[in-house]
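**Student:** Sequence:
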Amino acid sequence: MHSAAALTVRARVGRAPRVVAAMVGLAMLAAAGSVVAAAPARAEARTLSVTPSAELGNEVVRVAWTGFTPTLTDGTYGVIVLQCRANPTRLGDCFTANTYPDPAEGNRLGGVTAADGTGSVLFEVRPAANLPELACAQSTPCSILVYENDGVPVGPDDLPPSAVVAPVEFARSRADCPDVTDFDVRADGAASAAPAFYRWAAQRCLGNDALVLDYTETSSTSGRENFLNGLVDLGITSLPATDDELESHSEHPEFAYAPVDMTAITVVINMKDPATGRRLENVVLSPRLVARLVTNSDLSTFLVDRELRELNPGVRFPTATLSPPLLRAERSAATQMVTSWMVTSKDARDFLAGADKHRVPRNPAWRDQRYPTDAFANNSPEDDQFQPRTGQRTVGLRMFYGVRPAGTVPERTEIIGFIGIVDLPTAQRFGLPAAKIVNAAGAAVAPTDDSVRAGFELMRRTRAGTLVPAYDAADPDGTPDGDTAERAYPLVKVDYAMVPTQLDDDDKADQIRGLLEYIATEGQDDLPAGYFALPDALREQTLAVADRIQGPAAPTTTTTTVAPPTDTPPIDFGSSGDPGPFFSGDSTGGGTATPPASTDGDDGGAETPIATREIAALATTGAPLTLPALLALGGIALLGWAASGAVPAVRRVVVRVRRGTTEP
Numbered sequence: 000m001h002s003a004a005a006l007t008v009r010a011r012v013g014r015a016p017r018v019v020a021a022m023v024g025l026a027m028l029a030a031a032g033s034v035v036a037a038a039p040a041r042a043e044a045r046t047l048s049v050t051p052s053a054e055l056g057n058e059v060v061r062v063a064w065t066g067f068t069p070t071l072t073d074g075t076y077g078v079i080v081l082q083c084r085a086n087p088t089r090l091g092d093c094f095t096a097n098t099y100p101d102p103a104e105g106n107r108l109g110g111v112t113a114a115d116g117t118g119s120v121l122f123e124v125r126p127a128a129n130l131p132e133l134a135c136a137q138s139t140p141c142s143i144l145v146y147e148n149d150g151v152p153v154g155p156d157d158l159p160p161s162a163v164v165a166p167v168e169f170a171r172s173r174a175d176c177p178d179v180t181d182f183d184v185r186a187d188g189a190a191s192a193a194p195a196f197y198r199w200a201a202q203r204c205l206g207n208d209a210l211v212l213d214y215t216e217t218s219s220t221s222g223r224e225n226f227l228n229g230l231v232d233l234g235i236t237s238l239p240a241t242d243d244e245l246e247s248h249s250e251h252p253e254f255a256y257a258p259v260d261m262t263a264i265t266v267v268i269n270m271k272d273p274a275t276g277r278r279l280e281n282v283v284l285s286p287r288l289v290a291r292l293v294t295n296s297d298l299s300t301f302l303v304d305r306e307l308r309e310l311n312p313g314v315r316f317p318t319a320t321l322s323p324p325l326l327r328a329e330r331s332a333a334t335q336m337v338t339s340w341m342v343t344s345k346d347a348r349d350f351l352a353g354a355d356k357h358r359v360p361r362n363p364a365w366r367d368q369r370y371p372t373d374a375f376a377n378n379s380p381e382d383d384q385f386q387p388r389t390g391q392r393t394v395g396l397r398m399f400y401g402v403r404p405a406g407t408v409p410e411r412t413e414i415i416g417f418i419g420i421v422d423l424p425t426a427q428r429f430g431l432p433a434a435k436i437v438n439a440a441g442a443a444v445a446p447t448d449d450s451v452r453a454g455f456e457l458m459r460r461t462r463a464g465t466l467v468p469a470y471d472a473a474d475p476d477g478t479p480d481g482d483t484a485e486r487a488y489p490l491v492k493v494d495y496a497m498v499p500t501q502l503d504d505d506d507k508a509d510q511i512r513g514l515l516e517y518i519a520t521e522g523q524d525d526l527p528a529g530y531f532a533l534p535d536a537l538r539e540q541t542l543a544v545a546d547r548i549q550g551p552a553a554p555t556t557t558t559t560t561v562a563p564p565t566d567t568p569p570i571d572f573g574s575s576g577d578p579g580p581f582f583s584g585d586s587t588g589g590g591t592a593t594p595p596a597s598t599d600g601d602d603g604g605a606e607t608p609i610a611t612r613e614i615a616a617l618a619t620t621g622a623p624l625t626l627p628a629l630l631a632l633g634g635i636a637l638l639g640w641a642a643s644g645a646v647p648a649v650r651r652v653v654v655r656v657r658r659g660t661t662e663p
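Per numbering that gives the first Met the number 0, the very first residue in the sequence shown carries number 0; after that it's consecutive.
Check the hints yourself; a few may be wrong.
Label pairs and their computed distance ranges (CB to CB) [unchecked claim]: (1) Asp482 x Asp178: 35 to 43 Å; (2) Asp535 x Gly353: 42 to 50 Å; (3) Ala128 x Thr50: 20 to 28 Å; (4) Asp535 x Ala128: 26 to 34 Å.
If you are wondering where the hints come from, they were derived from the structure by calculation, not from laboratory data. Values in this document were obtained by computation on a predicted structure and should not be read as measured data. Cβ atoms here follow ideal geometry from the backbone N, Cα and C, with glycine treated the same way.
Modelling step: build the complete structure from the supplied sequences, incorporating the hints.
**Tutor:** Structure below.
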């Protein structure tokens, strides 16, 4: 996803400093009368590379070195990796806190050097927002420093003689923007949209048409709630507001749904082959296996599950117990979607009903759990290890560092496997392999560009005009599409902005309109890893919503509504009336996924531009006429015509006053 970021930066250290350091060290040892074994031989020059090394955000990079002293069995000459300011001259220029979660935000990492003097680690780099001590940004370059831990203490004002430094460059971020005291547009909602909004905020904060954008990363549920309460300008969500949400916020503003990004939900893996030590890639999981995970059902035998072995022939899984899964605790659309997909499988439903085909017992604490649900929870209070965590980044961090949901870093001698559920941008930023999941056609698919686009083609439209996954991988009319269904990734996710269509402030209306126009055009050209550019139909829908935004100074006009053709019915954006829930059952879960079929008989409305079709019936000059004035003028005219006895036949014309709705 990074073009410039694919660069590899190398640094080289000359021999003279090492010779001086070695001579000083030998002199000190001789003075102390010490006798030590000779260090293992190594190459003459140390080199360091970081990949990717440019356009970085909070993400995982590969740090590799050559020419280092091989690490001894007692850990001597182990490697320390640090993130530092540019051109560090002492360790005090680096962030030396221990690895997460010992301090909550430490990213110091250790590694080993092989007998040939080479080694590598995956290392989490952090921009200013995640590591303010260094404030790394496009305008503030930083570096990665690696050195050998030879057992000699190094003070904060010194630099180890074996240190090698490689520069790294960060992408433009909010840290490169001017300081602000207030924001033009405030948005809140889906964690899956956060990286995209952070990038858009950084791109729009400078220039003649600068826009100060604030995004709070929470969840779709929170985004809808805060928008309907009038606390933010935009609420970002993957699922439309339910009837209950709209009814409980009867004073909510008129609004429309504007697509802002397309991504996917993933089941991610952090495991190593116990024989080779290499990370496992392309692991296949079924809905039934996911049901085992989220119900915490006999995880001690999960890695020898018969179906897991059948789906992954030849794969060597870790021999230790699987860690409880890393799941988000807060209510979210992602959880609703994953559990909706899960229960479309008969095998998963049978397992949840206690009738598993492989006779694996379901955890009795989940006996009364209803699906789908929008929140994962620990139904077994006596189990203190199964602990969903709040926050998408928290789940990603624990997955990357191998930290149990309720614990700390596992014993280093223990081989353990981790599985979690995150969105694709989080999987990409932490370098977490996404499992292939079995769709309704029985095919195992990973979230690639082809599979996500195929999944998009099958998405279904809600009454609110939003698109949701076709969990059963069939066309909206119920007819299976063999080729598309075979390729389709079942957990495609489109995030929408809930956009007010009538505002009291002209400037605010212009700012939101301009932001949406940017998101639908240039904003789709340079997305962070894990996103897919919006299809043309969704871009057009966002631009159509932008056109509908009005401020208080907008002139009042009347229009004649022309009924659209029967094959392209107007879509209810949810700005008034009832957009309808996508899932049956109450808001906490339960029921079954019952997406309404598309009314126009196409593929879920994916290629239907969303716009009302209107023509102007009356153009005014000068000051705009209000409705009472129009009625008064009409009455006077009719009385005059009647008095003269010359009342011609009048064709009935339906008119309306434009109030920012889509109703004809």
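**Student:** Give a verdict on every hint.
**Tutor:** The hints, checked one at a time:
1. Evaluation of the 35 to 43 Å hint for aspartate 482 and aspartate 178 yields a failure: the beta carbon distance comes to about 53 Å.
2. Between aspartate 535 and glycine 353 the C-beta distance comes to about 47 Å, which sits within the given range of 42 to 50 Å.
3. Hint check: alanine 128 to threonine 50, Cβ distance near 23 Å, so the stated range 20 to 28 Å holds.
4. Between aspartate 535 and alanine 128, the C-beta spacing of about 33 Å keeps the proposed range 26 to 34 Å intact.
Hint 1 from the earlier list is the only one contradicted by this structure; the remaining hints agree with it.
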